[in-house]
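Engineer: Given next are the chains, with one letter for each unit.
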Amino acid sequence: RKEVEQDPGPFNVPEGATVAFNCTYSNSASQSFFWYRQDCRKEPKLLMSVYSSGNEDGRFTAQLNRASQYISLLIRDSKLSDSATYLCVVNGGSGGSNYKLTFGKGTLLTVNP
Amino acid sequence: GAVVSQHPSWVICKSGTSVKIECRSLDFQATTMFWYRQFPKQSLMLMATSNEGSKATYEQGVEKDKFLINHASLTLSTLTVTSAHPEDSSFYICSARQAGGQETQYFGPGTRLLVL
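Protein sequence lines, in the order shown, are assigned to chains A and B.
Oh and the first sequence: position 17 is 17 in the numbering used here, straight run, nothing missing.
Oh and the second sequence: position 73 is 73 in the numbering used here, straight run, nothing missing.
Mixed in with the good hints, there may be bad ones.
Capping the alpha-carbon separation at 27 Å, the derived lysine-lysine pairs in BS3-like fashion look like this [said to hold, decoys possible]:
#1 B:Lys14 <-> B:Lys66
#2 B:Lys20 <-> A:Lys42
#3 B:Lys66 <-> A:Lys105
#4 B:Lys66 <-> A:Lys100
If you are wondering where the hints come from, they were derived from the structure by calculation, not from laboratory data.
Chain B on its own, in the form it takes in the complex (with noise of 0.2 Å):
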């Protein structure tokens, strides 16, 4: 029980493009999601905190209007990459705690982003 699935896995795309980053919940309902980055040889980094039916909450420095996060449901939680730079690229992992009040957050595989 409690996977996390993201997708896609990988992407490659040009500078400019926007790319989305899906976040699901497989067999549990996750009330929040969080997003992290992590930069080659350094730790997560939690880049915001995402609740069902609300805006999300973003650490200090992460702009909002570049990482749009959308929680339309209790299993999904989509990150958009607005007009992606080769300085986006990074490996973006999700993780879901369960609704219910349980502190365990369960993490998604990673999406691992290029920006040619």
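Okay, chain A solo, but in the shape it has when bound (with noise of 0.2 Å):
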């Protein structure tokens, strides 16, 4: 099993819509969890934090479920500049580490006008 798999998309979506990002990790003793957006050709850059509790930032909508091993972003009223392929990132590889991140494949995500 990979450590984190995300769904394999790509998403296509029109303006406005909104779109769900599921992610699996394996490894139960991680302790953060994260969703980075990258661009094309560009270096990943922090979304936001996922928090047990779950957590809004604006349009955007995190959960954690640590019993399943499970997290989520939505993505609410969707908008050009959210076309971005969305990594699901967990902390703590297999070796424990505690600053070490592994990163799902992404999901590419295309908002159309």
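Please assemble the complex out of the two chains, which come individually in their own frames, going by the hints.
Structural biologist: In structure tokens:
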């Protein structure tokens, strides 16, 4: 089983749509969880951390279910500028290091006018 | 704040040559820097963890003699790809963790390497 697994995508949605990304992770000892976005040929940029109680940042809502080792990201009222690859990221690799990030393969989102 | 730079941003070289990539934290001290590699349509894969003043820790399957890492100061880590081959062509990205225990990693803009 891959350490971090995401929806393979790609997702093509119209502007204004709501889109959900799903992610599962295999290391139950993982402590921190993040969503990053990566634009084409650019470095990943932190979108938001994910907390156990769930958290929201404007149009973005992240959820974490530790019991099922599942993370989600919901984007409401999607904009053209949301087009990017969304990466699910978990800290604590197979070696248990507190600072090693493990990245999912990413899900490409294209928002169409 | 928390800016990380990489140099060069892209490089094209002949097979067999060595390429050095620099990663700098511009406005903070980084006790730990990480080197990642990303092939097209793949996820970022951690290659090694670089700690200032000590030897880097390499991930399984990454040859330490081929990918030389030097973290000589709190603001600079270098990755040298020795005797590069076409299969080393990739997007190399570094990140830096701020000294003081903060977990957040700040990513550099990446270096695109093409080996002919």
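Engineer: If a hint holds in the structure, say so; if it doesn't, say that too.
Structural biologist: The hints, checked one at a time:
1. Taking the CA atoms of Lys14 (chain B) and Lys66 (chain B), the gap is about 16 Å. The hint holds against a cut of 27 Å.
2. Restraint check for Lys20 (chain B) and Lys42 (chain A): the C-alpha separation of about 20 Å stays at or below 27 Å, so the hint holds.
3. Only pairs whose Cα atoms come within 27 Å are accepted, and Lys66 (chain B) paired with Lys105 (chain A) is accepted, the gap being roughly 25 Å.
4. Restraint check for Lys66 (chain B) and Lys100 (chain A): satisfied, since their Cα atoms lie roughly 22 Å apart, inside the 27 Å limit.
Of the hints listed earlier, there is not a single one the structure fails to meet.
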